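Peer 1: So you can see what is in the structure, the chains are spelled out below.
Protein chains: 4
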Amino acid sequence: MVIIKETPYKMAGRMYHIEDSLISVGGHNSEKVIFGEKFQIIGGPCTIENRKQMLETAKSVKASGATVLRGGAFKPRTSPYSFQGLGEEGLKYLSEAKALTGLPTVSEIMDSSQLAMFEDVDILQVGSKNMQNFSLLKALAKSNKPILLKHSFGCTLEEFLLSAEYILANGNPNVILCERGIRTFETATRFSLDLSLIPLIRELSHLPIIVDPSHSSGISSLVKPVSKAATVIGAQGLMIEVHDNPCEALCDGPQAVSYKDFENIVKSCEELLPFAHQTKNPFLGN
Amino acid sequence: MVIIKETPYKMAGRMYHIEDSLISVGGHNSEKVIFGEKFQIIGGPCTIENRKQMLETAKSVKASGATVLRGGAFKPRTSPYSFQGLGEEGLKYLSEAKALTGLPTVSEIMDSSQLAMFEDVDILQVGSKNMQNFSLLKALAKSNKPILLKHSFGCTLEEFLLSAEYILANGNPNVILCERGIRTFETATRFSLDLSLIPLIRELSHLPIIVDPSHSSGISSLVKPVSKAATVIGAQGLMIEVHDNPCEALCDGPQAVSYKDFENIVKSCEELLPFAHQTKNPFLGN
Amino acid sequence: MVIIKETPYKMAGRMYHIEDSLISVGGHNSEKVIFGEKFQIIGGPCTIENRKQMLETAKSVKASGATVLRGGAFKPRTSPYSFQGLGEEGLKYLSEAKALTGLPTVSEIMDSSQLAMFEDVDILQVGSKNMQNFSLLKALAKSNKPILLKHSFGCTLEEFLLSAEYILANGNPNVILCERGIRTFETATRFSLDLSLIPLIRELSHLPIIVDPSHSSGISSLVKPVSKAATVIGAQGLMIEVHDNPCEALCDGPQAVSYKDFENIVKSCEELLPFAHQTKNPFLGN
Amino acid sequence: MVIIKETPYKMAGRMYHIEDSLISVGGHNSEKVIFGEKFQIIGGPCTIENRKQMLETAKSVKASGATVLRGGAFKPRTSPYSFQGLGEEGLKYLSEAKALTGLPTVSEIMDSSQLAMFEDVDILQVGSKNMQNFSLLKALAKSNKPILLKHSFGCTLEEFLLSAEYILANGNPNVILCERGIRTFETATRFSLDLSLIPLIRELSHLPIIVDPSHSSGISSLVKPVSKAATVIGAQGLMIEVHDNPCEALCDGPQAVSYKDFENIVKSCEELLPFAHQTKNPFLGN
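Protein chains in written order, with our numbering: chain A, -10 to 275; chain B, -10 to 275; chain C, -10 to 275; chain D, -10 to 275.
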């Protein structure tokens, strides 16, 4: 057990909130799911490419067991010459897909000026590159929506929790953490995903923590084994990129999995849920 | 000489603009200085704490040879509980200091909604944590002001130049690069500053590149030797944090230098200018 | 699936040896176990402290299901003032423990001049700090013993496999790989263990790969969840540090687990074996 | 000034030995040079390829101002299939080159069993990959020769000084430190060389510290600017790889400089010596 000690984050820490936080998502014009209660599987395309792709992928991931639908409309691409996403048009397709499947949705927001466009999006995602964009964090804290906060590839665990603290301290308690690996000297994988951070976060914080196995390695054959390991180590959900034809994806194709692979991954992870590691709550001693 | 090859950045590369870029700063209600032409020294407090401190520091750094005045009004602190800066009030003191000394100014902007407040600031600084905040980069590209873009501690050199490309490609050619070190496993210094990136950037890009020796190590005794090394290796300027009483600084005191140390550093660097490394322009072969 | 391509290692790669390698250990004066065939669990003290501790720990880990016994006699400590191990005396206790339990043994060798002392040790361990001590690798290749090669915390996956190649190319095909994390800027754990390297190694190489969950995080509460995740992701074994009283261990106490915890970990991992990820062999397409 | 505090290394620290250490090299059948007193420039081939190359390079670097001659005979190559050096034959050519030029010599030793072959080598180099090969460090401590200890690319500054401590504590006070960069996520250069470690080491330790600008970046055009920066920041010497025809070098050609470039670098660095940063001795307050 981690020795309990003063941490620089307060509201994100277990001292402040001993029991696991339950973050309720959707429920108005979509199904309601609760992060921190049941294992949640977010599936969908990295990038929304067109209406047909979005709707078909949504139906497929729903049929395979996804409980939340993802779809990127605004993409923070490293190069200004890479496809930047369909923007508002993409969000419309995402809404249609929600209406069609009943799945609540998540999409990345890059700027608080986009908030109006995200009205029908159920979870606002803050991407890795914006984890320390504190203006954005403060602005999103003023909305009522759950925030999916991704760990910056250039930041420590403590900084990750301090960014969550920015949202909590500014009035929004609904933060879902997402681990996706950090930058290291290793070049065989795109990022190094230290899964031991999951049980560590669960000791330190009450916030739900999920894993993104698609971005971490950047290699599609690794998505399934990493998903299984994340499930067993105690992650409270997964976020997986799914594409109808990964070879032709406009963005990050090499890390996307097919409809069939996704179905297979969901099944494998569900089988493992009874074996998932239960982190001891340092305050309850259970 | 680096072999010239296709680079993912275009406008930031030497193929697009063979000669060094000259970035003109100030000149209306302040002195005019040109980055890329002469060696520029930016000095001033990390954080503007009060009017007296700002004005006194401004006078002192001007007397010591600084050519640009810095002062942080909006501070992207890792923790929401750390001092976040004086905000608009701080910018007023910075304007007063400009009027007093004639020095053009630079201050960090965290959000495009702050642009109106920065009207009298001569250079808009994008901090390390916002280097990949592409919404901010695009918004600032629409302003006419020079942008001081700091290298993110979590990003590669190529990503740094691609972030500069975002500004150039969106219409603002006036980008000044600032190197400040990256995250590594070394704990003796706060960041690892690989100065060999300076001559490398000068081969690859036409944009002026300066060095921040204060943030890189986080140790005040290292500011002078790092400044000297940066000068000799071909940096086109320095940005140094100066405090009237480093021990009592509200932010980053351990890395600030005193008025007297700053004067001493400027003198040492000026002596070294005749010995500064001249990177060969791969297109001109000089 | 990883695209098959020319790799700088030859004999360590699947092109050279398509089927999984089976490495036979022990069998003369101990039980015989085969790495690559069944899941192997190595347990025992980080450091052999005295005869009683070694023998008791051996009996305990055997009873809990360990198939190989570990015990450090020569310890490559970062500081010359740290306890350097009992040396030859320690190896005698390890031999006694083998005789008592029938378990084959593994211990770290730091120098080829120690080979004679290691005659009764079944597996020669090359520690992380010596992964690129090529003189040692070449010398050990001349012995007939299986080598447990740990991944250096400062080296890439490719360099890890090239160090294995040094042993194979110099005549010893019996190499067992051991993953234990690398150095990164993260400070919450001692090392960052990217478990996705396990299925990646299993695609690239035919050599058995096990995981050391004790050294990676350096936190005892994480040993169990990491062991479970490693099992599910397809590791072919584990190496776990066990101490009768972790709080009083002479070396690395904070990462050791108690007898009871070890028993519990073994049980949990055995339950998960039917669910372990089966990496597709890129040459057999299964 | 670094706050003086208890350090895990004792004999390598300034508390133990307040004044700079002077390490005397050569003097029997070669010129005598003193590290820590004057600035020393080590030049020569990365790898000794043949007699002619060694002798010609030796004459050239001597003429250009080198004070110590380097030449690799045993090369710890990452791959077993790369050229491993000429071994004992190479050392003979190095001895001939010493006789010809009068320069003391340095060459890398990989194993204590090679000690007899190194009798005529003046400085024993411990390479980056062997910095934590403690058996080797202990064995070399028993010799009387000065040791050039290179910083491992995977280790911290503190570990570097603790490896020096292994040599000092085992009886050999003649350690010369050599900085050459560490592994990071940056890929534009081979290693990231944080030169601010040089003045930091000079505060913390009395041992002479030199810089290897050839291995750090791995780019020949950066050798000169890095050499100049290292000189100005207070390094007490340089070690530079020189090749008669860098394009045809058997090992590490891309980072070697030509005879003419070397001459030019030496001249530039000598000009800068009067401006070299003088680290304040924290005990003498000068």
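One thing to keep in mind: the hints can contain errors.
Heads up, the list lumps identical chains together, so a pair's fine if it works in one copy or across two of them.
Said to hold, decoys possible - Calculated pairs, DSBU-like style, for lysine-lysine (alpha carbon to alpha carbon, straight line, at most 35 Å):
no., residue 1, residue 2
1, 249, 51
2, -1, 81
3, 48, 269
4, 41, 269
5, 131, 249
No lab work stands behind these hints: they were computed from the structure.
Predicted model only: the values in this text are computed from it and were never measured.
Peer 1: Look at each hint and say if it fits the structure.
Peer 2: Results of checking the hints against the structure:
For a Cα distance limit of 35 Å, the shortest separation of residue 249 from residue 51 inside one copy, 12 Å, qualifies, whereas the shortest one across copies, 43 Å, does not. Taking CA atoms no more than 35 Å apart as the test, residue -1 paired with residue 81 passes between copies only; the shortest distance there is 33 Å, against 38 Å inside one copy. With identical chains, the CA atoms of residue 48 and residue 269 are at most 35 Å apart between copies only, with a shortest distance of 28 Å across copies and 37 Å within one. In this assembly of identical chains, residue 41 and residue 269 lie within 35 Å of each other by CA distance solely across copies; the values are 32 Å between and 45 Å within a copy.
For the homomeric pair residue 131 and residue 249, neither the shortest alpha-carbon distance inside one copy (39 Å) nor that between copies (45 Å) is at most 35 Å.
Checked against the numbered hints listed earlier, the structure breaks hint 5 alone; every other hint is satisfied.
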